[in-house]
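Could you put together the complete structure from these sequences and hints?
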Amino acid sequence: MHEGIHLSEPLAFGIGAGIFFAHLPFIKVSGVPGTTFRTWPGAIFKRVAQRLKISVHTEKFRSPEKAMLALDKVLQTGKPVGMLSSVYFLPYLPEAFRFHFNAHNLIIYGKEGNQYLVSDPVLENQTNIAPEDLAKARFAKGMPEPRGFMYYITNTPPKIDFQKAIQEGIKQTCFFMLSPPLPWFGNRAIGFLAEKIKSYPSKLPPRKASLYLGNIIRMQEEIGTGGAGFRYLYAAFLQEAGEKLHRDDLIVMSHELTAIGDDWRNFAYHAARQMKARQSDLVSFDELSALLKHCGIKEKDFFQRLQKVKW
Amino acid sequence: MDINEVPQDSLHYKGRDQLKKLMYAVDQKGHYTGISSVGWEAENEATKQAWDAVEEELQQTKAFVLNGTLSPIAYFMRLKLMDVGLLASYVGKWKWQVKRHLKPKVFKRINSKTLKRYADLFGISVSDLINFGKT
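As you go down the protein sequences, you meet chains A and B in turn.
Residue 1 is where the first sequence starts when you use this note's numbering, and the numbers rise one by one after that.
Residue 1 is where the second sequence starts when you use this note's numbering, and the numbers rise one by one after that.
Rather than coming from a laboratory, the hints here were simulated on the basis of the structure.
Where is the CB? At the ideal position from N, CA and C, for every residue including glycine.
Quick list of the computed label-pair ranges, beta carbon to beta carbon: (1) D120(B) with E112(A): 27 to 33 Å; (2) Q18(B) with K244(A): 34 to 40 Å; (3) D52(B) with F162(A): 45 to 51 Å; (4) K113(B) with I27(A): 30 to 36 Å.
The calculated lysine-lysine pairs, modelled on DSS-like cross-linking and capped at a C-alpha distance of 25 Å, are: (5) K95(B) with K136(A); (6) K141(A) with K66(A); (7) K276(A) with K48(B); (8) K276(A) with K20(B); (9) K141(A) with K93(B); (10) K136(A) with K111(A); (11) K141(A) with K14(B); (12) K136(A) with K113(B).
If you want it as structure tokens, here you go:
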């Protein structure tokens, strides 16, 4: 982050309570039920700003012209600007990633000649983008519509209370994972999805079952930063938090979550084999279901204990 | 996951191997570090499967356009990875209007202004759109 605050990706993810799980069979994304391993777009940044008491200016626009003009104005003051975009219109990404996905955050930190300088979280290095492409990406249609949404930091507090911010982030995470009474959200949804997978071979044609499995893997590994559907990223957060606050219990919890992440990877590995086989083999779907259920049970126990950590 | 277990399975497909992603893994001392990875077999297969499904559907749609069941708009819509809802919001029409435009009979009667809108969105000329599949 900028403006004199040093904040690593894991720390921001943890304070912003980014880790989550949901499976929504009634929301179909190109014919496949939606699964997510993270919270909704925009929420992480908003919570981090609130918890660290950073003032942020956010803005949406009616027209691309106005949106680009406003961006240039802020860039002239030297501030980096975050914004929502659709990956479909980002030429610097490989075609393999370019679906119509509108909730991608990127940061523009300057303008050189007629090119904007981009810092994109999925890239190792900085890159640039032409104004026409950026305007298209910022005004993509579909769900959710970015409508040029952009944000930048206007003010930072002289001193930041990390202890409180981390504590609030962890508490909120545990609440979101454990408390939703509906089967589609939080930890409960992992068991729910496991049951669904068990019924795939009897309810779906092999091609569909295979596509459904493929989508879960993609959400977990392709979208999930750091691997294992953000579980490693959150483990890295717990470790950093433990070191920052001199809390050995958080570091122990970090190791536990790493092991759970390994279980998720194991599930994805076997799911990929099943996906490729395209056979409605009852036994292997049962096994897959059991692997997933195992992740759910371990995570439930994990978050229950994390919730009880004394502060 | 240990850093020496981070997979480096590259996939030479639609530029996938052009991009390395950041993974989080633990080093020998049990400490988390970021490490870049070119990909993982399981993930690669899922990525490829999703594109195979897109390609399959595109070929199916193409066949329907060629045999006169669907209008060329259906083909270009699939080519641009869109569905009816998304295409409708891009051309500023209602969903039911776009759905009608997918019928060859209705397609023949679309006015030039609307055709231009579709063609611009697809990045082709109006004649490319009208004459698709007529060679």
